[in-house]
Structures are given as structure tokens and as C-alpha cells.
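Engineer: Sequence:
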Amino acid sequence: FFLLVCIAFPHIIMLGVKQSSKPSYQHILVFVKPKLTRDKGIIRLCRSDPQKRFKVRVVDNVDDYLKHEHYEYSQQKHSKPRLSVSSDSIDAQQQQQPQHHANGIVPIMYLSEWKSSTNHYKQFFAQCLCRGFPRLQIVSHKGNLANLLNAHFSKQCKSKVLANKLFYPRTYVLPEESELFCAENQRFCDPCLLAEHEQNQQVQFIIKPQGKSKGNGISLVTKKSDIDFNEFVVIQRYIENPMLIDDRKFDLRLYVFIASIKPLQIYLHTQGLVRFATAAYSQHISGVDDDRESEKENHHQAQPPPQQQQQRCMNDHEILCGHLTNFTLNKKHAKFKNKTAEIKWSLQQFWNALQTLEENGNATLQIEDDEEKDAMSEKTSLPLNLKDKILSQIEDIIRNVFRIADKKLNEGFAHNFGHDHKHAGRCFDVLGMDVLVDTNYKCWLMEFNRYPSLKCEHDIDKRVKYNVVDDLFKMLQPRIVCNQKTKAMNHHRMPVMLNAENTGWKRVL
44 FFLLVCIAFP HIIMLGVKQS SKPSYQHILV FVKPKLTRDK GIIRLCRSDP QKRFKVRVVD
104 NVDDYLKHEH YEYSQQKHSK PRLSVSSDSI DAQQQQQPQH HANGIVPIMY LSEWKSSTNH
164 YKQFFAQCLC RGFPRLQIVS HKGNLANLLN AHFSKQCKSK VLANKLFYPR TYVLPEESEL
224 FCAENQRFCD PCLLAEHEQN QQVQFIIKPQ GKSKGNGISL VTKKSDIDFN EFVVIQRYIE
284 NPMLIDDRKF DLRLYVFIAS IKPLQIYLHT QGLVRFATAA YSQHISGVDD DRESEKENHH
344 QAQPPPQQQQ QRCMNDHEIL CGHLTNFTLN KKHAKFKNKT AEIKWSLQQF WNALQTLEEN
404 GNATLQIEDD EEKDAMSEKT SLPLNLKDKI LSQIEDIIRN VFRIADKKLN EGFAHNFGHD
464 HKHAGRCFDV LGMDVLVDTN YKCWLMEFNR YPSLKCEHDI DKRVKYNVVD DLFKMLQPRI
524 VCNQKTKAMN HHRMPVMLNA ENTGWKRVL
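Using this note's numbering, you'd call the opening residue of the sequence shown number 44 and step up by one each time.
If you're looking for bench data, these hints aren't it; they were derived computationally from the structure. Worth double-checking, as some hints may not be accurate.
Stated by the list, open to error - Here are the simulated BS3-like pairs of lysine-lysine, each with C-alpha atoms no more than 30 Å apart in a straight line:
| id | residue 1 | residue 2 |
| --- | --- | --- |
| 1 | Lys465 | Lys267 |
| 2 | Lys305 | Lys465 |
| 3 | Lys95 | Lys374 |
| 4 | Lys158 | Lys203 |
| 5 | Lys98 | Lys432 |
| 6 | Lys198 | Lys76 |
| 7 | Lys208 | Lys198 |
| 8 | Lys198 | Lys375 |
| 9 | Lys208 | Lys78 |
| 10 | Lys208 | Lys98 |
| 11 | Lys432 | Lys375 |
| 12 | Lys465 | Lys76 |
| 13 | Lys465 | Lys198 |
| 14 | Lys450 | Lys203 |
| 15 | Lys498 | Lys450 |
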């Protein structure tokens, strides 16, 4: 019995060691503690990864971390032959002696804190990896993006701007373009046709606040009186023929990785989300506008009873849930709470649905104008399937937007980091790109979101977002790992060009 225990005991010890062994992290990350809540999303996601791919450390004082070498390290093993006088007598396996080489981990900071930083604190940005690019708000801010694209295309092809034949809906920035809106939409603004608009109740435009997200403040426009021309909003021509799945509207949430500005290095991830509206789609709305008009006329009278107010809020919410796809809005709908309506797909599920449409002969490609047809034919001589057609448009949209914004982005980068090539790989960012597909399979750019949500409130989120961030840090690893022997971060030259091999990122620009 004693002999059996002695034999079994080492196995028990080994079993205990295996169970208590530390996880082998794929990424070791150091973040400077963010001041803004929106910058904490990526830290939370990395910490909550069920596969334990990320080891995350958050430092309060970047000064101590950089100046006093309180670094986080990654260990790399290098096996080299051991020198010996009588090598013949040494076993071949014993000749390989593992050597450990420590690499310092470059901390990640946030450019959102740049403006409020002191000059002493700003010097650390030149020694860190920064999430964010100077002046990126010209793309991620609704009003700035509209001004950028309108100014460019009004010079290049104004007729297409007026005819709403570009890749983004005709957009006006209020209050600056109030007169332009009325001049270009005279029939809509004609008071003689007010009765026709009230009777039709068809959504003509959509209003979006310039500085809000998650569907907050969005309203639908059926007549001129629905618009307050003194508000700081953008007003867009409503896409009246969206593609529907199960009679519901949807959009695509895609992830765009900006690796550098000079040169432009933009990637699109193969994974993404499809976000559904919970209520059935209809071009017409009724009932709510009449209530609002009566409230405006009788604003001096007593407030309606609480039950009536609650019913109006429910009606408003029901209508918005048929036209908007924001998850924050639609997750409050009864259909989602009762699990009678799914409001998220993965992008792959959408591609599978399109393939089913094609196999059943229910899908036909419709290209609107000759220029688009010629552009498609130049890219390939083979007939495009729906997935290829949609992806080709999305990639073209990304190229167009960033080529137009290139000059301003480079000016902002040079102003903040100078012209030293050492800093060319200093920044990165990930944007959320929202795209609407219509019944002709044409893609419309809705917006670029500077801080796409990384919360995993849905099972689909977990399957997509963790992989997107995992692939992000696979590509950023050469910039994060500092292999200088002196461990001086300020001597670490970050590579500009990154390698997307073995990741889901595809370079589009």
C-alpha cells in the first residue's frame, strides 16, 4: 500500500500543478487610467474575456511607469546551444538551454485627454501608444462629416448631391443651412401643400442631434412644422426603400481600424453585427403627430392625464422602433423582452441569408446608373453575388471618406506630433461604421461612430466583439512590445505598416 501511494503521489502533485497553473495570455496590455467613461469600454471588454486572452494592468501614474521603469514585461524564450568542451558526452536535448528575454510593454493612452493635459503630461504621449487621431471628429461627428462631404461633392458633382445619388443621404446641417434646405425642398416647405403632407403622413426626413448617440433625440419628419430650424442638428433625406428581413428594417454595424494616417492605412473587419428594428416597418406614421400639434396649440392649458401621457410615449416608442435600429432603444421593446423578436445577427448570418435569396432566385442586382455599372465591370468580369456587391460598396465608401478627409487628418497629426517619422505609428483607433442597405442592394453610409459600444449584452456581441479586439491587438503587438535593451520607451520606434495575416482585418486603403 505504501509503495502504491508513493507511486501515485507524484501524479497527484502534477495534477494539482496543472489545475493551479496560470493562464497563458495572448496579450499583455497596460492602460493609463482613463478619465472619460467612454474610454473604459475596451478595458472592460479585455477583462471580461471568457477565454482569458488578455492580461490587463491599469496604471494611475504614467510618469512612474515610464520614468522609473516600473514596467510590465512579456517573457520570450529563446533556445540557444550551450557551449561545452566535451560536447559529445552531452545529450542533445541538454544542449538546448532556454534563455528568457524581457520586453517592456508600452502603455496605451487616450487622445481624448490631450486638450486638457499640461505640457508636462503631453510629453508622455510621445512615449505611449495613443488611441485616437487628432481631428478624427471630422469623420466621426455627424455635422462635421456632412460638411466635409457636402463641400467636396458640391464641387465635383453637384447634380448628384441634389438628386441624392451619392453614397450618403442628402444631409443639411442646421441652423447654418436652414435657407438652403428650404430652397432645395420648396415643394416640401410650400404652405399650400401642408394639408397634403398632413394627410400623407409619409416620413420625408430624419433629424439627428449632432452630439448624441444611442438613438437619443432622433425624430421623424413628415412636414415642415416638425423641424425646429434653430436647433443644432443634422437633417437627412429619409431612405424610403430599405431592405427588410421579416418586414423589419435593419442596418450593418461594421468595424473600421485606422492604423496610420501617413500613409493612410485603413482596415475593415470581416466580422460585424446586423441590428434590427423590433417593430414592423411602414413608410407612414399616424396618430402621434396629431397629438403633438394639439399639444402645441393648447400648451397654455392643463397637462393631459398621466395615463394619456404614458400612452403617447408608448406610441412614440413603437413608431421609433419601426424606423431605428439602435440596440439601446429596441431592447426596451416588449417583443425583445418577451423573446418573440430577435434584434441582432452576426454579419455572417446576413451573408447566409443573402446566399439563400440568390439560390432561391429571389434576388436581382439592380445598378442604378451607368457610372456605377462601369465601375463594377472594371473590377471583375464575373457576375457579382450580393455579398461581393455590398462589400465592394462598403470598401469604396471607406476609401472615399478617408481620401477626402486625408488632408485635414494629416494637418491635425502634424500639429500635435510634428513631422518626425518616429511618431507615424503612434496612434490607432477603431470606429463603428453604420450602413443601410436598400431594396436595390445599394449601401448608404449613416455615420462613423467614434466610440462603438463594446458592451456584450447579447450573445452575438460575445461572438463578434471579443474576436474583433483580439485581432486588433494581434496587429498592434509590434507597437506595444518594446524590445530595447535599455528599456527606454522613448527610444522605441513603432512600426508604421502592420501585418493583417492570421486576423480578420482586411486592408481597404
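Engineer: Confirm or reject each hint.
Structural biologist: Structure-based check of all given hints:
no., hint, in the structure
1, Lys465 to Lys267, "53 Å, violated"
2, Lys305 to Lys465, "12 Å, holds"
3, Lys95 to Lys374, "28 Å, holds"
4, Lys158 to Lys203, "38 Å, violated"
5, Lys98 to Lys432, "40 Å, violated"
6, Lys198 to Lys76, "45 Å, violated"
7, Lys208 to Lys198, "15 Å, holds"
8, Lys198 to Lys375, "44 Å, violated"
9, Lys208 to Lys78, "42 Å, violated"
10, Lys208 to Lys98, "48 Å, violated"
11, Lys432 to Lys375, "34 Å, violated"
12, Lys465 to Lys76, "25 Å, holds"
13, Lys465 to Lys198, "36 Å, violated"
14, Lys450 to Lys203, "24 Å, holds"
15, Lys498 to Lys450, "33 Å, violated"
Comparing the model with each earlier hint shows violations of hints 1, 4, 5, 6, 8, 9, 10, 11, 13, 15; every other hint is respected.
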